[in-house]
Structure formats: C-alpha cells, structure tokens
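So you can see what is in the structure, the chains are spelled out below.
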Amino acid sequence: MPPKRAGASAKRTDEPAAPVRADALTPTVDLARQIYDQLRRGEIPRMRLPLRTKQNLAFQSRDGVWRLGKAMGTRSARKLDGALMLLRTFCVVDFINEMAADQKTSTLRELYYISEGWDDAKFHSEDESNLLIEDLEVMCERLREDFRLHPEENGASVIGDLTLKEKNRKGLVKRFNCRDDVGDGGYALPFNVEKEKIEFVGTNAKFVIAIECGGMVDRLAENGFDEKHDALLVHLKGQPARSTRRFLRRISDELKLPVVVFTDGDPWSFRIFASVAYGAIKTAHLSSYLATPAAEFLGVTASDIENYDLPSDKLSEQDVRALQTELTDPRFATAEWRAEIELMLRNGKKAEQQSLAKYGLNYVTDRYLPEKLASMGIG
Amino acid sequence: MPPRPTIAQQLAAKQREISVAEFFERNRQILGFDNLQRALLTTVKEAVDNGLDAAEEASILPELTVEIEKRKDDRFRVAVSDNGPGILRREIPNVFGKLLYGSRFYSHRQARGQQGIGISAAVLYANLTTARPTRITSKVEEEDTAHVLDIFLDTQRNQPRVDSEDVVLWDRPHGTRVEIELKARYLRGRQSPFEYLRGTAIVNPHARIVLVEPDGTRVTFERATTDLPPPAKETLPHPYGLELGELGSLLKASRRPTLGEFLAKDLQGVSARAAKELLERTGLAAGAKPASVQGEAQERLLTALHEAPLVSPSSDCLSPIGALLIKRGLRNVLGELRPEFFAPPVSRPPKVRGGFPFMVEVGLVYGGGLPSDQPVQILRFANRVPLLFQQGACAITNAIASVDWRRYGLDQKGGTGIPSGPALLLVHVASTKVPFTSEAKEAIAEDPEIDKELTLALQAAARHLRTHLSRKGRREFASDKFAIIQRILPKLAERASRMVAKPVPDLTPVITRIMDVVNVETRVNPGPDGIRVPVEITNFTPRPRVLELFAEVPPELLAAARFDPAPDGTEPALGRAWWTLPKLLPNARTTLTASFPPKSEVEANDFDWYVAGIDEAHLLGADPLPGDWEVRLPRTIVEAAEVAAQESATSGATEEEVDYDAAEASGGVREED
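Protein sequences appear in the order of chains A and B.
Going by this note's numbering, the first sequence opens with residue 1, and the numbers climb by one from there.
Going by this note's numbering, the second sequence opens with residue 1, and the numbers climb by one from there.
None of these hints come from the bench; they were simulated from the model.
Hints should not be assumed to be uniformly reliable.
Taking lysine to any residue pairs in the SDA-like style, the calculated list, with each CA pair at most 20 angstroms apart, reads [as the list claims (entries may be wrong)]:
1) A:K79 <-> B:Q459
2) B:K502 <-> A:D37
3) A:K79 <-> B:R487
4) B:K491 <-> A:T328
5) B:K351 <-> B:Q459
6) A:K79 <-> B:R474
7) A:K79 <-> B:P542
8) A:K54 <-> A:T328
9) A:K79 <-> B:A478
Working from the sequences, and respecting the hints, build out all of it.
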C-alpha cells in the first residue's frame, strides 16, 4: 500500500493552496455507504482497519522496511470509543471539504482545537486527533498533506555541503548551499520535503550523519567535522518528525549517500534508530515512503560504553522495561540487536552522546567518529 | 393535691454520695486529664454529655453552646451552656463539687455518663491547675432568677466549697452554664473538641450544638430532626449481671419488707415461681428482712441467682440511634463532602451479655470528598458518646480490622487491618454497661458476644457497599451505552445518510442491539401534593419481553405508598410488591408510579427492583429475582425466562473480533514513550 502521492505530486503547480485531490476522500464516501447499509440492516455500525500495533508489523523484503501486516481490527459503535471515532471520521471529512472550499490548510493542532465545536465528537487529546488522521491515511491510502493537514513543527536542521532549490511560500524558487548560504543554525527543513518543494542540485558529501541531540550537532559543526570528513549533518531532534525521515530517505535514494545514525546509548535511542531505518509503528502504513532501510546505527552502543569507558548512568526501571519490550519487537529481532539489547541489560548502564567529552571537546571528532566510521567502512 | 415534683427535684431525690476524692486527685490520668490537650477535651466532653443528658431526661430538644477562650499562655476558659431543666440551688454544690455524686449511680439504663465522676473531675482539675473556682449558673423553670455559684472542691473531704454566690436574671426559662478555667492546649484535627462535637452531632441529630473556638471561629451543627429519641427506660438490675457488692447494697437499701418481695420486685426477670425456687434452694426464709441477708448467705443467694433459669434482661432500657437517625445525622454533618453513597444503616437486634443488654449499630458512607488514598475514617461511639482516644485498643477497631474488606470493594493489605478507601464507618455500641478498657472510657474492651455482633453488623454494612459498587460499575457501563444511543448514534446516522444522500433509517434495531438490556430506572420527584416516584421499564433488547417486576422497600414505606397501576400482589410485612408487566416490544417502555404523602423520606435507593423473565446479563437497574422469595411465577414468565436463558447460553458464540481502538490504546508501542 504505497501512498499514491509520491508519483502524482510532482504535477502540482499551485502550492501552497492546493485543493484536495478530487478522489482523496472517496473511500470515506464508501465508508458512509457501508455504515448506512449497516444501519438499514439493523446492524451495529462498524469498520475494519489494519491494526497498527507492534504485533502487526511485517517485514517487506522487497523494500527492506517494516510495514503493517494483515491483522485487522474492528472499530464498532458498540463501544463508546469506537462510536466516537466513527462520528469523528465524518466530522473530519466535513472539515477537510470546508478547508478545500476556502483554499485553506491547517495544522494538526488547529484540527484538535477546531473539534471543540463538535460537541460530543470533540477530541479529548491531540493523540486522538493524530490517530484519527493516521487512520484516514490508511483508509484512503493518502498522506495527511493530501487532506490539507500538516504538523506544527518543521523538520530538523541540516548542515553540510548540499545544494538544493526550495520553492518558498511566495512561490519563488531559491537555490542555496546548506553550508555556505545558511547561518549557524543550518538549513531548517520545512514540513513538506517532497520534490515539488525541494529539489537536490548537488553535493560533495560522502555520507550523512543523523544526530539525536542539538548539542552534538553544534560540536561537530564547530569542530568542522562536516568539512574535514565530507559529512552532511542532520539533526534528528529526538524522535524525528516525518519530514526529517522523508528527507533522509530521499537523500539515500536520490543521492545514494550512506546514512549513519548517532544517538545516545539508551533504549529510547534504539527506537529512534528503528523509526529511521525500519519504520515507526504508528506510521507503518507509510514505511515504504518514510523509512531508510540503508541507514546504519553508529552508536553509542552498549559496547562503546565499555570500550571507551564512558561516564554512564544506571538503567532506570523504565529503561529496563523499554529494553525488555524491544526484545519482543519484531524490528529488533536480529542477532545483532538482540546481542546489543542484552548487553545493555547485563551491564545495566546507559550513556549520553556528550559523555564523550570526558576526553576533551575534540575527542568525538578526532577519535570516536573516525574509528567507528572506519569500522563501518565509511569515511 | 400536692404539686408534682419538678424534674430537678426528682433527680435530686436520687443523689447519693461516695467519698473517693483524694484517690482520684492522685490518679487523674484515669479520668482523662493526663495531658493538656486531653484535659481540655475531657472537660468539654463531660460538660456536653451532662448537658445532653439533662435536656433529654426532661424531654427538651438539646441546645448547647461550647465556648473555648484563650486566657493567657496555657490557660483556657471553657464555658458550656445547655437548655436543660436546670439544677436546684441546694444540689448545685454537690453535682459539681463532689466526685461520684450523681443520679444514675444505681440506675440500669443507658446513659452517657455512667459513673458520675465526669464534671466534678473537671472542676477538680481546674482547682489544681489554676486555683480558680468553677462558676455555675443555673435556672430552673419555677424560679424567676438564676443562681450563680463559684465552687471549689475540697479534695480532703470530697466536699464542695462555695466561694461566692449571687442571684442574677438570666434571659432563658431554664438551663445551666458551667465556666471552668483550666490549664490546657487547644489543637485542631483528630482528638479535638471540634471532632468530638462533630461526632456528637452525628449521633444526636436532635441536638443543636454551637462551638466557638479560641480564634473566634463559630461552628454550628444544626439539628437534623426535631424528634427526641425515645427516652431510655430505667429498669431493675438483672441478677445475671450482679456482683456481690452490688447485691449487698441493693439488699441494704431495699424498702421491701421481705426477701421474697425483694427478689420479685427489686430485681428484673425473677418471677414469683422463680423466687420461690430460689428461696428453697438457698434455704433462706421468704419473710426475712432483705437487709438481714449478709455474708455467706448473700454469697449463696448470688450463686443461686446466677444459676437460676430467669427471663432474659429486657432491652427497652437501651437507646439506640436508629437507622433513620444515623442516616440523617451522617447526611447532616457530612453533606458538604457530597458522598456518593449512604449505606442503609445497620441496627442489630439487642443481645445480652452477662446481665446487660447491648446492641450494635453501623453506618457507612462512601465516596464524594472522602479521601480515597487513606485508611477509612472510623467514628466510634459508646452510648452516643464519641470515643476519640485509644482507637487501636478498641474492640470496634479490632472488629473492623478482622473483616476482609477486599471482598466488599475496599483496599486492605492481606485482608486484615484497617481498610483504605473513600469511606467512613460509624459504629455505635449501646448498653446499660459498656465494658470499657479503663475508667477513662475511651475504648471498648474485647468481649466475644459484642465482637460477634460487631462483625455481623459490619458485614451487613459492607454488603450494602458491595452492592452499591457493583451497581455503580454497571451504571457507568450503561452510561456509555446511553451516550452512544442517545447522542452519538443519531449524529453518526445523520452524517452517513447525508453523505449518501438518503433519509436516516429507523435506528430501533441498532439501538436494541447496542444496549441489549431491560432498564429499570427510578426517579424521585418531590412536589407539593406529595412525592411521586416514577419507575420506567424500557426494553432495550432486540426481542419482545414478558416480565414480572418485584419491588422491595422498607415495609413502612410500602405501607405509605400508592401504586399506579396497583400491584398484582403484595407482602406488606416484608415490604414486597409485584406486577406482571404488559408485553414490551423492542425499544418500548412502560411506567409505573408510586406516590407518597408530602414530606415522606423516600430515596431512589430505598427501592430494590427484581425482575423475572430475563437473565442478569440483560438487566440494568434491577437484579434477577432471588431464589428465596418463593413466589409462584405466571407460566408466561417461566417460559420467557427459559427462552432468555437459552438465548444467553448461545450468545457467547458471536465472532470474537479485535477492538481496533482498544488495541491502539494498549498495544501500540509509541517510539516516543
């Protein structure tokens, strides 16, 4: 179920106020008909959706990513939650059509507040509204941008020798280099990083290093790591936004650059890597589009903590639970990951990226990264 | 005709004296004066108990004001005024200035103060700590002026000493005011005068109590009823409870000419025949003067009395609070916490231990503003007096701790100990002789008979809680369903139909499938012409239903109720009535209405509804008819019940599907969490 958008979107010329594609919401009309027929037959209204759970992740060997499997769940009006979600689906459809008529777009957060006016159907949390939009993506095989909805926060920042063209909000095309033409903050990714918005012109970088924390991005930039090693620095900002993951995927596909992921050494960072490389559970319906199967984990690994004798913290109870959960996660069901997780559990230690500063500010760029990259055959 | 003696005179006629003042001066801790905080509370308590007893004995609705004023440092002045009958001038010094002087010393009836040590001990404590006299103002109805006396207590001779005396005008018909200056400490919280008076107000809903705290805060516990509790009757001592000394005193004081008459008329439960047999067994002469029976003969008589088959002690000398007043009292005082549930109070039938009748009452309140993460609050009472100290040593506490409250819906580690949860337990033990652990009367001693009754009463209250919690669970489940069918489904149908440009279909079949219950809903609508209680029975199941409906209400409520339609049968003594309902089609409703006279105390909680013809899983607001009702059901109902049973036996076979939203909420691992 690859989103239809990827191929079709290039034809759009009237950004930013593109209308909803004529057929984007067609499946919701089918849903309305289905529910109407159920009501006529005296059946409790319900719909079926693929389960977006850890247990229902299936590996797609063709794409090398984890996508939704075949297990289906039922959303039924027998339960209050189900009845509300069904009603909200139609409320959201109405709202999207209204936006299309007015040539407007809205953020997910705005949608959440718009629902204040929906009486019983209003969302109780932003989680609920986000989940429903993802459901709509699955149902219609579309991206939320096709429904004129986008996240509030933009993607992260990029620093390095990459030249690209971006069509800005006034419709003007700007061309610049992400090292020479931007400030110290780097190039900030917009929420839309598709071809119609961003076009890659060229690069001299030999690989991409995706980094969890801003402090580490700054350290590498200050030490001139990008220039010395021909690297493109991408700040993940913790759990990366969709646009960041899509950007990494495009770099990997179109510029054929290797991608390495450099995070803290703790269970949560493992999940950051998994969502970059394998696909996230919540957006598993979009994995073929968002995940970068070629991405590799650089560190900090459990063995790094030992080998480099890094200052560490004891694993908390939550950390231990998270690691144990990961042992049941199909995305981590490889010998390498299993060994890594079990080693961390055994040692009971975690460490931050910046703990490398124990050996001085240049250690990470002069020793650690070159050694790790060499062992991975990069750089 | 001579004038009828006033109540004060009648009380005065019974006063007797015992001289133990000096002993108590050295042992003031057993009277409750061992620390400054407790001294204050004991003083308030003794004065308030006296005030309440005095008013009640005179059939006056008690009205008490307790003022606590800080003098300097640790000196406080406690002033308690009551609206009792007042005390005759000549009795005032003895009542307040002499230990163990009281009207109840030999009486066998339930009263707050049993030994009469209380108030004079407070006077004594004031003497000792501040060297200030206690001021008594008292007015009896038949005099125009009040007497004001300043009194000291002579501890050497257990004699009152009047320091000064005056006559004043007092703007009330009768009453007594005690002003005591003592060394004390005023604290709020547990074991404070506030807590004591709150407890007192709960179990004495006929009293109005005002507390003025040292900082000027004025708390009023308004009365919740104007009905006085029926006066506890004074009864003769029952031989089973007699001890040698007491028998001796009774014999000595008896005005009966002969021992035979003494046995039959000065003791309880001894019939003429039993008296004759007793005399034969002991070899004592029927004609002997009672006072002449002494020494070894007295012992023989006591043994024979203890062994004789006698009529059990009567219990009409007990003054229970009663279920209704426990409820009113709790509601009155705890109302602002808005508890969600007041369990029907449990009033156990009187039982006897030794020669003394006793009974146990339990009230339980749940939810609302009561803290849910703390041990339950326990309000202990003995003869309507709150017990604030020694909670851990009390038989009431131990009985609570030995009930497995987990079975009834409260948290309790390992099934023993004080449970925790948003609950309050009121436990009252009434008896002509409450076995206290000490003279300070702060905790009830262990006793197998009392223990048994406590446990039974607590379990009965706990069962009410369990029923409430399970009904609440079902109601919450049901409120989701009602939200779906009443609010969500119509909107969903409307939007889906609009999208396919068709009219909204009839939702009845879907509604009955979603609900799949017969709902019994009771409302209470008070009005000027009376209280109407409409009961709606709605068939929210997909098939027609033939049902029999049963009501169980307190019998006195059933007697006052008029039903429309009239029941097909009733059993007034058990408070039961029943109806064969008209056949109910899916989504159809029938209503029956009970009407009560204005001001009746009716709550939806008073009605328990039972339904025959459908199983438990398909009932809401009612339970299946219990097996022990032994009613003969109409054939149609029996058949309907059989069909319903088959139906639910097969309904489990419907396809098991994964609930998408539940899986999403629980199974989905979020990367960011």
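Now the hints, each set against the structure:
A distance of roughly 36 angstroms separates the Cα atoms of A:K79 and B:Q459; the hinted pair therefore is violated under the 20 angstroms criterion. Distance check on the hinted pair: B:K502 and A:D37 sit about 11 angstroms apart at the alpha-carbon level, within 20 angstroms; holds. With a CA separation close to 13 angstroms, the supplied pair A:K79 and B:R487 stays within the 20 angstroms bound. The straight-line distance between the Cα atoms of B:K491 and A:T328 is roughly 41 angstroms, outside the 20 angstroms bound, and the hint therefore fails.
Annotation: proposed proximity of B:K351 to B:Q459 holds, straight-line Cα distance about 17 angstroms (limit 20 angstroms). Only pairs whose Cα atoms come within 20 angstroms are accepted, and A:K79 paired with B:R474 is accepted, the gap being roughly 14 angstroms. Restraint check: the Cα-Cα separation between A:K79 and B:P542 comes to about 18 angstroms, which is no more than 20 angstroms; the hinted pair holds. At roughly 9 angstroms between alpha-carbon atoms, A:K54 and A:T328 fall within 20 angstroms of each other, so this suggested pair holds.
The hinted pair formed by A:K79 and B:A478 meets the criterion: a straight-line CA distance of about 11 angstroms does not exceed 20 angstroms.
In this structure, the hints that do not hold are numbers 1 and 4, in rising order.
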